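K.L.:
These are the residues of each chain, in order.
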Amino acid sequence: MQAEIINAMSPDAELFQAYSNRTQSMENRSMQVPRGDRRTVGQATVENPKVRCENVDIFYDLGEKKAINNITLDIGQNEVIAMIGPSGCGKSTFLRSMNRMNDTIEGCRMDGKIFLEGKNIYDKDVDVVPLRAQVGMVFQKPNPFPKSIYDNVAYGPKIHGLVRTKNQTDEIVEHSLIRAGLWEEVKDRLDKPGTGLSGGQQQRLCIARTIAVGPEVILMDEPCSALDPIATAIIEDLMDELRKEYSIVIVTHSMQQASRVSQRTAFFHLGDLIEIGPTEQIFLNPIHQLTQDYITGRFG
Amino acid sequence: MNNSLSPSRTLDIVHKGLKRRVNAERRFRLCGLFAIIFSLVCLSTLFVSIFVNGYTAFFQTHIQLTVFLDPDKIDTPNIMDADFSGMVKQSLRTKFPDVKSRKDKRKLYALVSSGAAYQLMDIVKEYPQKIGSEIQVWVPADDDVDMLMKGHIKRNVKESDRRLNDAQISWIETFEEQGKIRKQFNFTFFTSGDSREPELSGVRGAVSGSFLTLIITLVLSFPIGVATAVYLEEFAPKNRWTDLIEVNINNLAAVPSIVFGLLGLAVFLNFFGLPRSSPMVGGFVLTLMTLPTIIIAGRASLKSVPPSIREAALGIGASKTQMVCHHVLPLAMPGMLTGTIIGMAQALGETAPLLMIGMVAFIVDIPGSITDPSTVLPVQIFLWADSPERAFLEKTSAAIMVLLFFLITMNAAAVILRRKFEKKW
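The listed protein sequences correspond, in order, to chains E and G.
Everything in the first sequence is counted per the numbering used here, starting at 1286 for the first residue and increasing by one.
Everything in the second sequence is counted per the numbering used here, starting at 20 for the first residue and increasing by one.
Watch out, some of these pointers could steer you wrong.
[Stated by the list, open to error] Stretches of chain E that chain G covers, calculated by requiring three or more beta carbons in the stretch to come under 8 Å of a beta carbon on chain G: (1) 1334-1345; (2) 1377-1390; (3) 1411-1418.
Just so you know, the hints here were simulated from the structure itself, not pulled from any lab data.
Quantities reported herein were computed from a predicted structural model and do not represent experimental measurements.
Glycine is no exception: its CB is placed at the ideal position from the N, C-alpha and C atoms.
Same shape as in the complex, but just chain E (with noise of 0.2 Å):
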């Protein structure tokens, strides 16, 4: 059933395919970098990038524990970028610096320096407020407000001011979840609580939301962990819709997820950037031998 849909929707399915297929011819081979080799291997800055992220560290617990060594890494316009590796590598960490989510962990210190088109977003002059209207964020765990669906698109652009009149707030509600692909399914109940809604349209509600303030960046961290491959195959074919206007980051768990809607993957592992190249070539040749060990499913 699940093989069936990604050949049916998958527009990356012959990847998926192929990748499949070396995966055993992988098995045995040599790499050129060993296991303990912890330097980042591949390209990981891009010409003309949306955010640059420079060096950076990150540390809970007042900096007792580093989550996040020396990263440095670029987000590239109008590119879909995945980001995987095992549990706790601080895969989600990097994600919620671009935004500054990080900011509300109590005893979280960041080092470094990320750029949103060249203004370094941990400057003491710059607002978070502006900078997270910039760069939405969607989340693991759908959490659409306890409001009505309407309320819920709206309110973004209401605390922007992005909206004055009514008629503007109506348009730019449907905008949103058109491009979100659910204004079919709630034209005709937008002032039902948007929590009576599916898991997987909770979800796109939150794209819906996210989208509705216009960023020019969207996070997201495992927005399809708690979705049913159908759901997630919604999500996967929006967010390549989505591309076209936006930069989009995506941590992911799946590696088929990150072979069908990326073009660029990162490979994490304890807080170390190990890989980074385009997905065909990281999923098919991966030049790391903890990629390798990692795509085969030899550990996490």
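Chain G: place on chain E using the hints.
P.N.:
What follows is chain G alone, placed relative to chain E:
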């Protein structure tokens, strides 16, 4: 011993222990059931005893008199100066002409409450055209007569053992034969303030005092409590200072209320010179007492708001204040309201701190503003319970009923508010 567990062996072991487990479960449930039954029995005993003692206070014995409103005795512009109690006495003398001696006359007059004169005055004020005519009027009987009619004073005991002598009882029996004595609903109990005479006293003054005091308490403690809870929970950095504040708030919740009373006496009355016995100062003192309850309940309900809602709001660029005001507070409100109403209910029943600031004084007038001297319901109960008259016993129980009525209403309001504001996520 064989350590490997096969499925059948596991099942054997489980079955062996099953009976013990089921029994333990049953015992546990029975314990809970027993506890509930026990507390229900205690509660109903309390309610029943209060009701049995107090329901008679809602009825008051009245005597019908025929009074001649003597125009010679009433000076029309100055109605207040007229000798109405003389007219009442005159009426009683006319009714029982064979009572001659001074002593007996005094006994006769004692059958009717001193409030009868005020009732006559009210009638004359309202209907001045009745001056010069004879009117039939139901006036409240004295509390001893009331007690006799309600059976609290036995007629068949020795004369020296009861508060009414044989002559008085025979007069009452005359009234009874003519159908001129009856019990009617005791409006006075709800419309008048305290009095030395049980038949003239009521809870209105205490209820107004309690109401004004609670308004002050609510207006002060709710905003301060909510603001404190929100600041400590959402904005304050977690460090030694906030820990210290938290410990102290929890301590305050456990401080005996009389200490707050002494504090109020020292600070509000002696230092600031605010009016003694007033609902304003009472409200201040009760605010001090209620604040910890509201803060603790508020923080607990803020903590229970799921972090995903906060992240969602912050994630689309809401500022911290917007996150709190638009999302966290509405979700925490039911819990906060419940805490507030529980605190208010506690304040409504509080006596000790109010004794210290003079709200225990004997106050007849019904307070009209927050600076008037007044008393509150629990203090009124305390005062009446302390009074020697038998009739105040039932008044005490009746006042407790009024207090319980308000408490139950408030707690019901808490439940309704919580249902109304509760949202699912």
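K.L.:
Do three or more residues from the region 1411-1418 of chain E put their C-beta atoms closer than 8 Å to C-beta atoms of chain G?
P.N.:
n = 6 at 8 Å, threshold three: holds.
K.L.:
With a cut-off of 8 Å between beta carbons, are at least three residues of the region 1334-1345 of chain E near chain G?
P.N.:
violated (count 0)
K.L.:
Cut-off 8 Å, C-beta pairs, minimum 3 residues; does the coverage of the region 1377-1390 of chain E by chain G stand?
P.N.:
holds (count 3)
Violated hints amount to a single one, hint 1; each of the other numbered hints is respected by the structure.
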